[in-house]
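Same order as they appear, the protein sequences are chains A and B. The first sequence begins at 1 in this note's numbering and counts up one residue at a time. The second sequence begins at 1001 in this note's numbering and counts up one residue at a time.
Treat each hint with caution, since some may be false.
Claimed, not checked - Here are the simulated lysine-lysine pairs, DSS-like style, with alpha carbons at most 27 Å apart: (1) A:Lys8 - A:Lys239; (2) B:Lys1282 - B:Lys1049; (3) B:Lys1049 - A:Lys116; (4) A:Lys118 - A:Lys139; (5) A:Lys144 - A:Lys8; (6) B:Lys1282 - A:Lys118; (7) A:Lys116 - A:Lys144; (8) A:Lys195 - A:Lys139; (9) A:Lys144 - B:Lys1282.
If you are wondering where the hints come from, they were derived from the structure by calculation, not from laboratory data.
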Amino acid sequence: MAKRIDVKNLNAYYGTFRAVEDVTMTIEPRSVTALIGPSGCGKSTFIRTLNRMHEVIPGARVEGSVHLDDADIYAANVDPVGVRRTVGMVFQRPNPFPTMSIADNVVAGLRLNGLKNKTVLAEAVEASLRAANLWNEVKDRLNKPGAGLSGGQQQRLCIARAIAVEPQVLLMDEPCSALDPISTLAIEDLITELKSRYTIVIVTHNMQQAARVSDRTGFFNLVETGQPGRLIEMDDTHKIFSNPSIRATEDYISGRFG
Amino acid sequence: MTDRVPAGTGRLGDRIFGGTAKGAGLLVIAIVTLIAGFLVSQALPALAKDKANFLTSTQWNVDGTPLQFGIANLLWVTVLSSVIAMLIAVPFGVGVALFITQYAPAWLSRTAATLVDLLAAVPSIVYGLWGLQVFGPHMSGIQDFLVTYLGWFPLFSRSGIGAASTILTVGVVLSIMVLPIITALSREVFAQTPVANKDAALALGATRWEMIRTAVLPFGKPGVISASMLGLGRALGETVAVMIILSALADGTAWSWSVFHGGETFASKIANNAAEFDSPQKAGAFLAAGLVLFLLTFVVNSIARIVINRSKAFSE
């Protein structure tokens, strides 16, 4: 069920400002792809174009194409709502629905899909929470508010919520930036486990994290503030971190800027 | 909630500000207590002489002796007209607020918000005259329809009052009067829905309406309840518009549950008779009615406070 992502000549705009310029990349199914780069380089904007969340912002638009296997998600007859049901997303800050219980949070997406059967929903709660390595910590308080969990637990709850709908791709926009090191480790372990079932794309500021969890790494950069971000180099992670082909990549990963 | 020791530095500015804030808080409590005290002290002597049952009697005879007055009619008309107003204004106001904050483009949302706010600037007297002269007569179609087909139901039974002057017409006009209150406050809370929550819903594949249902409405619920209670307070206490529109009944008119009946609310009863407060016991009888209105509003607000605290407990 995991799908290949094919991005061709993608440009992303906020109004007249071009934030991402001419990105072309292929992401293999059942792999983890990390996107790194300095702040403002467009990596978060780019990841939001992969599930059509970019266009939620007024004035934002996208040029170019993104294919999931053979289907262009930007084709004229494609409903963005449908795209987002197959491409799940986890955000920078944990964002469980504050008024919902833990269990209701997990199945929020399934409920949106019209699923009402209580047994099926209960099974999905357990399966998703187990997959997110959260089941043992919350199984006794499934009806308590999700907002009462710690930050790391909330983020795993959000991952459980994203995978409950069995997406084909899982996008993670700096999922650990608001978390402490222990919680970060838990999420990274989880990413490695989820790789066997999903195509995962993760944006991160943490280069060690990219090196630890990803198979492929893409480096985004921008010439200067106000200029669009571009994909500078994309390669196997060990290659990027040991012997990158482009000087700017080496400067960035060795800490010379960014 | 946790009690924290305030970091008092003892500096002059701190003490002045702290004292002013404390003074303002105490003043509000003092004013409410004094009003309640005034109402009780004025009402009690009249209530003591009341020969009718104050809560269940529909009589209102405060001129002669023995004194006989009860609030059953007033309470029913007040509550019924306000309930009608809320039934219309809450869904309508929430809908307008959702449109302004979630659907409308920026230019339209600003214009619509200003126009709705303008509704609050129209004086009650204008609403009253408009309701009686312009809007009320148009209610006859609805009245005929309901009386003909649902007349067997006590709420819609036939009465001899003209369509412009019924409780239903008052309720509809009141709903327009409280609409800006409900819309303005709901708008504020809906606009504050965290982007993170909206993104969460959208990223799960929610349509716009589903996003509103999963993120915006739950977040705004306490605010909508507060807004509704403020609106209800206004509807319960509205005086001039009700007085002008609603057809007062002669004493001794048979009881009716119908929304097509006339009558008086607490506020309009007191206003209609303000000229007659010539003896303490007469004034006391009316103030007793005012006391009930005061308590009614108080109870409504307390219930709202409880509901809000409950839903807050879940979101923290």
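Check the structure against each numbered hint from earlier and tell me which ones fail, lowest number first. Violated hints: 3, 5, 6, 9; rest satisfied.
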